[in-house]
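**Student:** Take each chain as given, in its own frame, and dock them per the hints.
Chains as they are written, first to last, in our numbering: chain A, 1 to 113; chain B, 1001 to 1986.
Note that these hints are calculated values from the structure, not bench results. Treat the hints loosely; a few may be bogus.
Per the computed footprint, the stretches of chain B lying under chain A, defined by three or more beta-carbons under 8 Å from a beta-carbon of chain A, are [as the list claims (entries may be wrong)]:
no., stretch
1, 1580-1591
2, 1639-1651
3, 1779-1787
Beta carbons are placed, not taken as given, at the ideal position from N, Cα and C, and that holds for glycine.
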Amino acid sequence: MELTLAIAIGVLTGSGVWLLLRPRTFQLIIGLSLISYGVNLFIFSMGRPRFGAPPVLLTDGAINPADYTDPVPQALVLTAIVIGFATTALFLVVLLVSRGLTGSDHVDGREPR
Amino acid sequence: MVAEIPDELLRRMTDHTSLLLLIVMPFAGAVAAGFLPSNARNAEAWLAGAVALGVLVLTSACYPAIAAGGAIRAEIEWIPALGLNFTLRMDGFAWLFAMLISAIGFLVVLYARYYMSPEDPVPRFFSFFLAFMGAMLGIVLSGNLILLIIFWELTSIFSFLLIGYWHHNAGARDGARMALTITGIGGLGLLAGVLLIGHIVGSYDLEQVLASGDQIRSHELYIPTLVLVLLGALTKSAQFPFHFWLPNAMAAPTPVSAYLHSATMVKAGVFLMARLWPVLAGTEEWFWIVGLAGMASFVLGAYFAIFQQDIKGLLAYSTISHLGLITMLLSLGSPLGAVAAIFHMMNHATFKASLFMAAGIIDHESGTRDIRRLSGLFRFMPITATLAMVASAAMAGVPLLNGFLSKEMFFAEAAATHQISILDTAAPYAAVLGSAFAVAYSIRFIHGVFFGPPPLDLPRDPHEAPFLMRFPMQLLVLACLVVGTIPGLTIGPFLHTAVTSVLGPATPQYSLAVWHGFTLPLMMSVAALIGGAILFLSLKTYLANCEEGPPVFRRLKGQRIFERAMVTVSWRWARFVESQLGTRRLQPQLRLLVWIAFAAALWPLYSLGLDPGGVTWAESDPAFAAVWAIGIFCALGAAWQAKFHRLAALILLGGAGLVTCITFVWLSAPDLAVTQLLVEIVTTVLLLLGLRWLPKRFEDNSLGLVTLAAKLRRLRDLATAVAAGLGMTLISYAVMTRMPPATIADYFLERAYSDGGGKNVVNVILVDFRGFDTFGEITVLGVVALTVFALLRRFRPAPDSVESPEQQRVQKAFDEARPDREAGDTVSDYLLVPSVIMQWLFPVIIVFAAYLFLRGHDLPGGGFAAGVAMAAAFILQYMAAGTIWVEARLRVLPVNWIGFGLLFAAMVGMGSWLAGYPFLTSHSQYLELPLVGSVPVASATLFDLGVFSLVVGATVLMLIALAHQSIRRLRASRIAAEAEAASEAA
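Bound conformation, chain B alone (with noise of 0.2 Å):
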């Protein structure tokens, strides 16, 4: 007893490692194939190889903990907080199909070696493939539904980058988009079945939704839940009406097709089908919508293989319709059913993958694919022709080989009753019949490929492929064999282990004999066999010769529908759309933001009613209401000339700016006022540096013949206009007539002094409490004046504003005119009185600006007005004595400022952590200065600094960039006239 305890730790511990194992190692081969040299083809191979090789290993190692035990599991948390665990589980199944993919994938990796030419870029090919092998893998492997969707995910991911290895080919591009278009909805629509399933059943782990079977057959939402899971299952197995991705997706190198898209990932839908088989099967909806889309692909996708060219497009079709026999076997909802159906996946899997093989050899050894010119290779190849007519028998089920196995228990199934329906009546005719086509492709393959006279002017010499090349086939080859004829031997236990997994005790008795006497499905096999010779036979002659796909259908095609369904969705519908709803104008832009804006505000308005304000207003002060009919004035004078008398509109808004600042006076909000009033002198500059840039416009006198669209729209915008400002004047009024609600600021207030160390609140607010908030406002203004700065440098004027003004050209010609006089005097003459006081005033701002900052902390000023002063003092030299004079005189670097002061406040930041505090905490005390008195030093202080000189650069660099404009211009206009000068003097 003691000593069995550690066993089973042990045990556990081993499936743990051995089943993460398994998903990671393809993984991590994939990331280090990735990194191998382009021309590595060995290297690459032996890693994929041994990669293969390694899960198949593991996997067979874990076959006996399975067989005793039904099922291991690995768990490792992953999102706890909605009871998602990274769950990995093997039961027979899954360890049946992690043995199908990683024993064909190493063939496959083995056979790629050969067939992937030394110019393909072969690193990208092994790692798409191995990371698919992964995803395939996990998707098996997933004890957890949600796991399973994000491996699903990943297989049309890689399968569409596979597809897409060739992506110089637009064949390959057009069908991996295809692919991923197609698997993606499905993915999708899995998705949100899955999701229904978690909440029918409450959790997502495999074994409690595979215990819930009748609770979810009998919930509400069982049919969209169905309809939903199907739609994944069906697009990913390539079935009716989806199948038509999957011819297109031979674009793809051959071992892709052969891996991907015949023997794993198109068996990743049948997979989900029959792991959820227990739960979601047996009933009337599950019977006739799988059992539908079973019947037509299977009988359709068998009839139009016949009429295929090309070799890859016939075994495309061919497995869709196998795809579509396994698919119907689910339907049915019988035991024996499925046993069949996993029968099946696998022997499916081994013919179709080495008949990809031959496919691939004989594309790579003659050079084409298309039976028409193919003919009696069988001379050149005899190996690979022997090879190919087994594994062709087998899929056209030849007895003694494991098509034939499979195909009777899907005959004995189809014939039996299982619902009384019309579908049900008509599968043993269907399954003839497709059996059928299925004998005379198969015929027609080998036929046309290998038999009849030798081949005439194909691009290569057809000659054997090497024995490397050839191994993988031939092992699976024998696989057909060994197991169409011993097959209680063979693959007997491992398919008991699989179906016992899946049905649990539904498992029904069946026997794998080859020979079970004269039965109605030998019956049916042989009449099948006969009837597809015949059929053949009448064929041939029209099958030599007639265009790529079956007569009638040949136009009706699911690639060009679904070509034209895309270009309808994202290019008609969306341009519609556009074209409807969107404007590449501004201004209903703006109008209808304007609209949204007012309707959001009208809303609560109209929702919750306005109560009357319990306040009592403050009496009128007749002095305000006359500031503010002066600021009302400049307001609507400011509208109304903005179009055609900018300078005056500019004034009024200054106007309109200076009342404003006034109001800040007068209701307590110095520092505003201070900032708004230097803000108000610089935006001004900048505007009337801009204006000369602007086109001329004069006022004509054509009011009168406005029409009458024209005096809607202004009628429009008027009552737009009239209604915002109503709105807000509503809005105010009743805010301020109401009682504050208890606000923060008392704790502001309260605390500004004890712990900011300043007696200016509003300033120890923006340094201190919300330092943070106010640094990145900073960073905001450095990046737009490098912007601004940015966008000048490529600044070309347009024609009519790169002359002189009118005003410079008077001046020119005046000085030109008499001899005493120099060019540009009469510039440096004008206004000589007023600028020498503005450059007097020079220091004097500096001394303004450095008191407004210090005295920031306590009184009204700070690291804002003061940088904006100090900003107006470098303006002021330029106007005084034009850029050229002070840039000769004064080095002015504002981006250096705009650096140091944002780097300043970062450290000033930072240095709070040396003392172990969080970032921009700050510090205060106050220092005796000789002669200044007493200073409050605050950390606050320094970073103010920071900020300071930040606004200095920032203010400075966009008012030099703007008015450095007009000696670039000059200069650019001298050098072109010197150079004119120069060629006509030579």
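Okay, chain A solo, but in the shape it has when bound (with noise of 0.2 Å):
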């Protein structure tokens, strides 16, 4: 299980990766939200996730801390997403202006020659 989802982050990065060096607008917006995919399962793994055991109590006495999931990555990922949208949300207008403005989807606002 680790394997697979190494991989999936590797291959999430990878492909927005790629996708950051290209030249259109769309491109980049996909490609980087494939890679806070990425990036937010590699913070969520540091929390060494397993299967059924999530960070809500079952009791309310003591309990034994080993029983649950680290709850701080995933907090940490749960404002990753919000924040990831607004910035893909400002990132789109930003490009639908630019395209607006400069007649262009290149990432530079012009044609290269």
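**Tutor:** Right, here's the structure in full:
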């Protein structure tokens, strides 16, 4: 399972980096989204996730921390998801405005010679 | 005995207060002067004059203490951690300078009152002037070298502001900039030098530094220290080769030239050299550097001065020359030389300030400063002319005037042998030569301006200046005379105090008498006077018509060299570096970023190596692997299709997002799964809305024609991407197969319920433990939403995406072709059943959002997820019925949601202040509600409500703003069409 997840993170990041280096703004936005999946999963994996141990307490009394996965990376990723959404929206709008202004969807705002 | 202690204490307190007042008064005056109305010439002059006079009186009052006790000090703790104190210290030398600064300052204020025209903004002038006075007093009174540097820089800055006072004049701006650049560079050098001194001595306190002369001179860092300190002093005193800023600074108003650029600021350099003379002087390096700079400035400055046509230019070069004389005297390293230097500093200030005032009067009353145009002014302004003649004679070193006395001492020192070297052998000849030049330019000034035939076509009719404008000059010239005839009775004791304070026990025997008999120095003086007169007579006709500047050297202007150097450094080199290292293209920048990130990740791996993880990994779950096979397919597909098939890429991206979401479910992160799912929906809708405005791009079949360069580029990017992917795989695998270290997770898990009152630990972390971070994050979210909104308000689509999409056109044509259908019917018929269901879902989703919100503290859910769900409810309505239909029935005010959310969250946070706890401290308890049952009520839940509200507002605002673009365009085109129709009808 760790290997699967690690490969998944690698593929998501690699596809994202490939798109990041492409010339069209839409490719860039897709690339950034893919990278953010990869990075979110990467941060999440820092908490050694496993099956069936969500950090939702079952008892009111004393608990054994070993029964639950690490909640900290999850809290980090939760905020990252929301902020990722915001930056995607911002980037999309900048992309559209730039395209309206320059007439080109090249990342440099003009077609290469 | 008992009575003495309070006396001593009282005296020290008085010293303390007076020293502080000396610094504070001018700066306070500067602030006050800045606030006076712009036409208050008299009030400004009264204020500035009162401040200068106050400083003068206070300084004189300090003299008894200094004459008796050596030095008075005031010390305030400044940065105790660095051992720095705000120390003021006045000894005899500082006292003499403080007197000079305040006395000449007072006279210049009086003069400036008449010099400045009513149109000039005088508050600025007097404000800067007083601030400069404060800075200059600060330099001479600093008891700490760091403090001295601060005041030193302040004088540079105020000098810059005063030279550029008439900033409508390009010459003033350039002169100001040049002066600041040169003295600023020197100031940096001085700072470095002082830091080295501090390093060697271990203290910046002046007294300690002065006591460590041997230590500094024998230290291995002595030469760098010396060079750096001298860089500061020589630039400030306009010494060769940094002299050229001073003539350009003459663009300043004449009172400024008289005060800053002859009497005080340029003296700061020689002041510093004299101040640190006991510490730095006496070595061969000092002798050579200071001696060469001084001799070159002395001879060349005087030579250049002869050929100036502008009176102020002549006086500026003469100032360079006289400062060179002082520098030369200091270079000798003999105590008698230092005495002569200090004496000449005072003498030069008196006669040069009065000469500048004369130049200002001539300029003011006749309208020009060009010696070629001026002539025979004696008959119009006899008093000014007489005063200027006496001052010039002092400058030339004519007996019975103060300039003669110090020049005699200079000749005596130049003739004496100090170090056996060429420089020392050359010194007497250079001294006579320079003095002869000084005689020549002094005669030229007087002869050219005041004698000869009456002037022709001057801009103004020349006449005598008002009494009060001449008065400062009269006083200064009187001082020249009195000091020149009875030096022992006037300046003698004060000079002695000053000299003793610099030289201490090394103070030599010297005599201030006017007549020493027929000695070698007298012969040298006579030779210089006769030689200068002959030189002037032989050059007279040439000078009357020649260009500005000396022959040969005319072309070699320091100014031009400086400007060329500035252009080279700040323009050519900067452009070169930019063209070599910079790019405006995004792709190389991003590529570099990826490479740097890769290298940064690789570096520790390379230097520390990778141990195999000790932990056996959990068995691979085939179902999980299968899910990720789909996910990997989606990710690669999205990367493959993003150029030509945007919709496909978007769907594939959603697929990868869903697989990520499933992973979260699988691996015990229900909160993440819920949030990811909802955000995935909203993101997809957002990108779908944006697709409409992107240019059409069709996959052409020219792939075979791709150039080799493009292929190589793609290959390089592919290699980068593969490397990045492999690296991430390696790192995450390495981390996951290792035992986790002890983390703060246990703390949060144990305290979540007892301290935070919630069982969903992730939510408790977000809204309670790390509530402040969340608060910052929702602020960012709100800001982003408003930015999106603002950017879209001005959105202009590209011309090729303005037209309606094909589907809309087909539908419209269909409606128009049928008489029984109205325009827009097809759109509303389209997907009728799903849209009804979507409308019915509105309340259902709202309840779902409320459910997510309420359970959030104990079970997966929470403000973020609930907010996005609520936003989805709104969006669904827009999708089902169209923007116009929804907005006719539902008032959605997303900005209010954002504002409410942020304010509410902040107020909940501040609420804990009422109970005496820090911001965002949470309180929790359970509440029994009818029907619902036991509900956790924590103040954190209220905070979460703010989060919820803001997330709803921000998400809805972004989506609606984008969705509105289609309607806006339609509306705009409809209005345009109607206007066209109306104009056709008319």
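**Student:** Now tell me, hint by hint, if it's right for this structure.
**Tutor:** These are the hints, each one checked on the structure:
| no. | hint | result |
| --- | --- | --- |
| 1 | 1580-1591 | holds (count 6) |
| 2 | 1639-1651 | holds (count 6) |
| 3 | 1779-1787 | holds (count 5) |
Violated hints are absent here; each numbered hint is respected by the structure.
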